[in-house]
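Novice: Chain by chain, the residues run as shown.
Protein chains: 2
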Amino acid sequence: MIKTDLSFIGDEAKKLMDAHRAEADAAVALLESGSGRGSDFLGWQALPFDYDRDELSRIKSAAERIRKQAEVFVVIGIGGSYLGARAVIEAIKGTYHNELSDGPKIYFAGNSVSADALGELLAICREKNFCINVISKSGTTTEPGVAFRAFSRLLTEKYGDGADERVYVTTDKSRGALKALTDRKGWESFVVPDDVGGRFSVLTAVGLLPIAVAGCDVDALLKGAADSASAQKGTGTQAEEYALARYAMLRAGKSVEIMVSYEPRLTMFAEWFKQLYGESEGKEGKGLFPAACAFSTDLHSMGQYIQDGQRIMFETVLSVENSATDYDLGEDDDGIAFLNGQKVSFVNRMAQQGTILAHCDGGVPNVVLRVERLDEYNVGAMIYFFEKACGISAYMLGVNPFDQPGVESYKKNMFALLGKPGFEELREDLNKRLRN
Amino acid sequence: MIKTDLSFIGDEAKKLMDAHRAEADAAVALLESGSGRGSDFLGWQALPFDYDRDELSRIKSAAERIRKQAEVFVVIGIGGSYLGARAVIEAIKGTYHNELSDGPKIYFAGNSVSADALGELLAICREKNFCINVISKSGTTTEPGVAFRAFSRLLTEKYGDGADERVYVTTDKSRGALKALTDRKGWESFVVPDDVGGRFSVLTAVGLLPIAVAGCDVDALLKGAADSASAQKGTGTQAEEYALARYAMLRAGKSVEIMVSYEPRLTMFAEWFKQLYGESEGKEGKGLFPAACAFSTDLHSMGQYIQDGQRIMFETVLSVENSATDYDLGEDDDGIAFLNGQKVSFVNRMAQQGTILAHCDGGVPNVVLRVERLDEYNVGAMIYFFEKACGISAYMLGVNPFDQPGVESYKKNMFALLGKPGFEELREDLNKRLRN
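Protein chains in written order, with the numbering used here: chain A, 11 to 446; chain B, 11 to 446.
Just to be clear, a hint being listed does not mean it is correct.
Which copy? The list can't say, so a pair holds if one copy fits it or any two copies do.
Unchecked claim - List of simulated lysine-lysine pairs, DSSO-like, C-alpha gap at most 27 Å:
1) K442 to K353
2) K25 to K70
3) K168 to K24
4) K13 to K442
5) K296 to K422
6) K138 to K78
7) K296 to K264
8) K13 to K353
9) K353 to K183
10) K183 to K13
11) K138 to K115
12) K24 to K442
13) K353 to K296
14) K422 to K442
Hints listed in this document are in silico derivations from the structure and should not be mistaken for laboratory results.
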């Protein structure tokens, strides 16, 4: 479970929290009653309890099969169809899971349209026994669409008719280009529910299949999320405290939230966080700009700015109270002899405590979220905690937490420039601007 | 060479640039005459021309030896002793160089004090033939110190007396704990020059040895930097235009600069940029907060915020005009049939152009830096370009571009909490604060 520690936010923020507590309570009520904006997309709240047992069991069997079938598993998706799975796998199995795990190596494709990035992953697959999981609600999103075409082609080249046994699809239950193709080909498929937005979808097949292929215990992940959902129900919860603290920071004039961790394996989790909060809140000119740092690494890059630059940010420290492993430094007469007899986990903890105090002294308040350890249960709990706090937080801002109208702008322009039918007028207009 | 394209910054920023051009010219003069603050650290300006030929030739021989000697090469360093090498290797050899290159796999350690991160890399090395490069000016920096102790111990366990042939040191030429130990052990060593700060050190042995081990052509890298240094000399240069444009953005009220690229292999280069600019400018309450995005990936996470959130940022797009490879989409009747007959590089270019226009329309100006391709020559040119523009930019702000006083704050606190002799009073004080 997650604890919100407000010891390092300062008195001004605490006063602001008190002043706005009623608004936070109202946001909780709005979210839990399903009467707020975007309430067609509240399906994520039920996932930890009510997730389709049949689908879950098919996910687990498919994962077992894939683990036997393939040396390399390529997950094709972008945004919410990419970040959740990668965040969970790295948090639990470590940054170097591909080097150290005995299961298939897992790569993520279709999250850019870089020819070089695509070419690198194709080159890896050319030499290996591989299968793919394409994740797209519509099947028409450009980035995964491009990758899916390239990897399908390679599958057919390598396996002929056997290619069809190596394609796993996660898409809409009945509509869309990808669903139609899937039915025609007979590929095994899983569902992206209608009432769960991309950035809230990690506890559906979107995240669960890759996570299970990585060898994680998806039952424990869902159990952690379910217990977290119970713990975060109603007012006065740790999630509400976090949402309220963030709101107080915004009111105090902060415009950037830096999600900080002292465990490099949380780097992608912070990216998942950035999408969840940035996409939910960043609209109508509002919201905290979400940034991320991995400390102590980035204390030697962003540290100077955080200590002494413009005073526009606060930090949220995702503090892992127990590392999975440890290392005993023993004795030596090298440059760090003062650490003789210590454990590395102790050094890391002191780095964290020292930094929190230093940054507070520099005018950067720290919200500390304490999580026991990075296992399936606790990562599941973190997922639900952040989702719930995000809904509360966005409702406090007065925005719809569950839409993303701004994402369409680049897509429209891109379609127009690529000559997609229906965008002729915009195309002419854009080309005129580009020529000037 | 790099071209600064200001077509997408808007009229207000252009006017501000005109209004402050004299200050930019003065900053150039200050930097080039060596009469500004921090002028003891201007050694980076001469590196592309005057780098010690003997040292360079020893770097190249050592790299050849390491490529034969090891399956795994562990680079131990933090901040400037980490980011430059990793940025260049990934930019040139790709994100998946370890999977695809025929040389040793290269891992970076000692850039955190996470026990789990350390344990993962030790586990990789346990099974492989490996050697290490420890990079530390003093030898007393905690993070690399911890990793160096752990990896030295593993080397001795595995290779006994042969361990000494597997340690390559980059440190001060005559002083410090690591230099003393190196002389005693007879390890091969390279120099961190006195007049080059960490974040400006990629074109010394700090960066060049790992870059050469990765199979990059370090002569071409230096040649690109040298030609860039010539091109960026004096006023009216592309580097000055970039520095001046950034300053105009700050004057126009922007507080966040997002370094954007459409090539995932530039992700670590953007991290190098963040250190260079954040640490050089983020002082005395000044400076742009440096952030980074990899598009189109992050258009599906940060895109909504950039389009519609608080209007506090501008983007600098590092535009790679030619990808290294390409992929022909051919014909198919799938969800992206409108792209039949196109190349992936074309789709990526249209995504970039469409996004630039969409973000401009959303009130986020775009500075575009155009680089021909990601090879050694051009990456060398990019390095010098950004270093030069950084010096100009920091002088325009009125800060010392070459110090980092704020980085000491967390270190002092950490030392005190770890019980390092000499910090007893601070320790008592901090413990009191942590108890409350």
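Novice: Taking the hints in turn, state whether each one holds.
Specialist: So, going through the hints one by one against the coordinates:
For the homomeric pair K442 and K353, the shortest alpha-carbon distance between copies (23 Å) is at most 27 Å, but the shortest distance inside one copy (63 Å) is not. Taking the shortest alpha-carbon separations for K25 and K70, neither the intra-copy value of 48 Å nor the inter-copy value of 61 Å comes in at or below 27 Å. Taking CA atoms no more than 27 Å apart as the test, K168 paired with K24 passes in neither setting, with 61 Å inside one copy and 55 Å between copies. Taking the shortest alpha-carbon separations for K13 and K442, only the inter-copy value of 22 Å comes in at or below 27 Å, while the best intra-copy value is 54 Å.
Taking the closest pair of Cα atoms, K296 and K422 come within 27 Å of each other only inside a single copy of the chain (23 Å); across copies the shortest separation is 37 Å, beyond that limit. For the homomeric pair K138 and K78, the shortest alpha-carbon distances inside one copy (13 Å) and between copies (25 Å) are both at most 27 Å. Proximity of K296 to K264 under the C-alpha cut-off of 27 Å is found in both arrangements, the shortest distances being 12 Å within a copy and 15 Å between copies. Taking identical chains as interchangeable, the C-alpha atoms of K13 and K353 lie at most 27 Å apart only when both belong to the same chain, with a minimum of 25 Å there against 50 Å between chains.
In this assembly of identical chains, K353 and K183 lie within 27 Å of each other by CA distance neither inside one copy nor across copies; the values are 51 Å within and 31 Å between. For a Cα distance limit of 27 Å, the shortest separation of K183 from K13 qualifies neither inside one copy, at 37 Å, nor across copies, at 49 Å. In the homo-oligomer, the alpha carbons of K138 and K115 lie at most 27 Å apart both inside one protomer (10 Å) and across protomers (18 Å), since each shortest distance falls under that limit. For a Cα distance limit of 27 Å, the shortest separation of K24 from K442 across copies, 21 Å, qualifies, whereas the shortest one inside one copy, 53 Å, does not.
Taking the shortest alpha-carbon separations for K353 and K296, neither the intra-copy value of 44 Å nor the inter-copy value of 38 Å comes in at or below 27 Å. In this assembly of identical chains, the alpha carbons of K422 and K442 lie at most 27 Å apart only when taken from the same copy (16 Å versus 57 Å across copies).
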